[in-house]
Amino acid sequence: MDNSNQSSNTIVTINNLTFYRGNRLIFDNISLEFQRAKITAIMGPSGTGKTTLLKLIGGQLQPNRGEVLVNGQNVHKLQRSQLFELRKKMGMLFQSGALLTDMSVFDNVAFPLREHTHLPESMIRSLVLMKLQAIGLRGARDLMPSELSGGMARRVALARAIALDPLMIMYDEPFTGQDPISKGVLLHLIKSLNTTLGLTSIIVSHDVHETAAIADYIYIIADGKIIDHGTPAEIQDSKSEWVQQFVKGAMDGPVHFHYPAPDYVDDLLSYSN
Amino acid sequence: MLKTFQNLGHTTLASFSKLGRASFFLLHALSGVPKLLLRPRLLINQLYSVGVLSFLIITISGLFVGMVISFQGFHILSDFGAEETLGVMVAASLVRELGPVMSALLFAGRAGSALTAEIGLMKATEQLSGMEMMAVDPIHRIIAPRYLAGIIAMPILAILFSCIGVLGGHLVGVGLLGVDNGSFWAQMQTKLDFRDDILNGVIKSIVFGCAVTWIALFEGYDTIPTSEGVSRATTRTVVNSAFTILGLDFILTTLMFGDN
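The listed protein sequences derive, respectively, from chains A and B.
With this note's numbering applied, the first sequence corresponds to residues 1 to 273, in that order.
With this note's numbering applied, the second sequence corresponds to residues 1 to 260, in that order.
When the alpha-carbon atoms are kept at most 25 angstroms apart in a straight line, the in silico DMTMM-like pairs for lysine to aspartate or glutamate are as follows:
hint, chain 1, residue 1, chain 2, residue 2
1, A, K88, B, D137
2, A, K77, B, D137
3, B, K35, A, E85
4, A, K38, A, E210
5, A, K239, A, D252
6, A, K248, A, D223
7, B, K35, A, E121
8, B, K35, A, D102
9, A, K55, A, D207
10, A, K55, B, E118
11, A, K55, B, D222
12, B, K35, A, D107
13, A, K248, A, D216
14, A, K89, B, D137
15, A, K38, A, E85
16, A, K239, A, D228
17, A, K248, A, D207
18, A, K225, A, E210
19, A, K55, B, D137
20, A, K38, A, D165
21, B, K35, A, E115
22, A, K77, A, E67
Don't read these hints as lab results, they were simulated from the structure.
Remember, it's a predicted structure, so these values are computed and weren't measured experimentally.
Chain B with its partners taken away, still in its complex shape (with noise of 0.2 angstroms):
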């Protein structure tokens, strides 16, 4: 019974200083943002990286998830004879919440466990040390640029996985199941809102590429610097973005939508 409330609380206090060590390391990345204004580069080619790179996987989970939520929705729809607003569903669907978590978790799999295996094994093979040693700070050099890059390429990934599940919806919807054309895009039109819908649905997408990216640099710096520590740290990574990723989901759903 000791023995359990010792664990609890060492695994408590292991917590707290590795949020301390993280919310230390986020501030020096965060210093060494306005330096980047000076070296564009160096965030181009990792916006390269973290942003282009993610853009099949992106488009190809967008028009799969638009299409099956017009399958689904349209025989749902159709029992209530409301096939018109088909297009409405899908819309909403995506740019509320789809859009951004999903591609907020595709990002965690796709660029967050790079970050972190990159970051990881820069540190294994001693370049961070390295560079340290020739008087070039890594936070600044390395983190910062894939940090900023993660926050800029979130939101523009999220707006493409909602347009391209438009576009599923519509192939499907319109394309094989009949629906009016006119209905579709004009419903939409008329029932979505510029601030309440597409523009909350950005703001989550922004504050997950904050926490994912986050996430990631962070595992992989303070990574235990041998094979199977890199492992481990890329494995969290996913794990806690996605846990994360709903986490904050919920509670921006709630600050949002919670009025309604």
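Bound-form chain A, shown alone (with noise of 0.2 angstroms):
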């Protein structure tokens, strides 16, 4: 199962991964590279399947063509018990925090550690308490998932996210809703737990500037293909058309304000009883 042509470097490839979805193409023959302990920003608009690159690579929808190598290995050849031995290296912080709703902040938190680990519970409540100050919310240890507001909900996910230290983490929108002082908490908690902890971190958004001020390098994806990737800076001078709407956000370009419907003015007088 492992790949020597992996660099060393490189934590996940994404070689020619085709994807439908039903009938509908959401991935069209599309390679990608994650390197280590940087971070790498997945962007494009709503609906072009960020979310589902993310369920591809740790594992949890099938490709219909192409591979996913995680660390070595082919995510989607693996057995079960080899693919839940490698989600413990990988952390995912879901849009809706996706915290278990009957379990306290600390619960939550201790969630993975009590599952995978044989830690006396001294130790878990050490360790819990340790993420939970990283991410600044030790005094909310007691308070139930629907006490927290949507920011607070996000941190403490972010926290039972690395509860295991793994190797990576994915970040399903973490922006989307936040309020700037939200914002700004998560963007700095995304950079500093890179630079800490060498964490290897791939971001999926459509916020372009927060996204752009932590990531080292963003790949933006539209119509099931890479339209472009590079630095931040190298993104931001793009040649393409369709790139600098996006980044600029236009409301006219090659992606048009009107979904396509017949003529206006037809439309309007072919009205008949």
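Using the hints, put the two standalone chains together into the complex.
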């Protein structure tokens, strides 16, 4: 299962990936690489399959063609038990946080430790408090998920995602729906986890400025293909009209403001009883 | 005409496909049951949710059903001068049929719908996906304890339903309508058979528990993860459970009592 072609600096390699959802083509023969200890962003408009790409990396979906190598292992050729072993090295922060609603903040962060280790409860307590301290929510340990704001829920989910000290972490739209303070906190946390722990980060987002501020490398995906890729500066100076419209948030351009429709005047005058 | 056949074929294929998925789901859940022996706390929590929290509706319904049977039975039996057999009639009706069937229908409405909604919402809020990404099998961690709890709770609830029903029947028959207390209990003791009546009733309730909990959990797990999807899945749980209970009851009754 090991793949010697994967460079030691690359933690995730996607080769010639094609994926359909029903009859709809989501990815058309795309290839990407994610470097160790770097922050790589996958950007693109809503509905392009960015979250689907994370699920393909995590082995939750099967590609129609192509392969996904994580730490040298072909994710989709692993036995279920091997896949679960690999997932212990991958953290994932879901858009909703995906906290277990019947458990407190403390128990949510302790959950992976209790499931996968035989550590004594005193040590689990210390580890959980350290993770909560890192995200600034040690004082909120007894709150239930329903008592947290959206930003706090994502921070708790982040603490849970790093509970087992994974090699990499995948963030699914971490900034969506967050107020400026929460966005700032999350940006700081993602960056500091990357620099202090050397954690490889894959961020899926359509928040251009926030993501570009911390990313080392950016892939832009649309219509099932990689439209462009490069460092944030290279993306900013991209010659692609599409990328320029996306980066600047322009209303019209290669992506039209109007959904395809018949002629406006004809449509207005075509009403008959 | 062709369209009708197409739709019929499509529906049949979809039904078989769903049955196949449900069967794999059940096998997967059952493979997680042995692990529960190491973590009994998970099972105890679910026994409380599906069993203890269904206690009130089961006992109150059992009481009223027993009282009504006693009332109706007394008027029929008194026409033949056989009021003393009221105890047998009430107890046999309850332990053979009404106890297992009614408690299973109530269980489907109370605990089954709650299980579907809970699992469906866990899916909609990505909690199940989150567990998978934490390398925790949600079918073993979430589904298996609930399934086992449903199988254990159902016969206990059915026995409770029947016991309370008999007490309700006694309350009306002996307390209100003047049937002799000694005859009420003595006839019941003489005529009811442990294997034919009580054990068969318990077996029925175990089968209903397996079926209802399976339907409820699978509908929740297989739901379309939207509010409408969860709502439809919850409705399907109650409706499909009711049909399954009544169908299985007919089959089991034929097998158990068909040669009498």
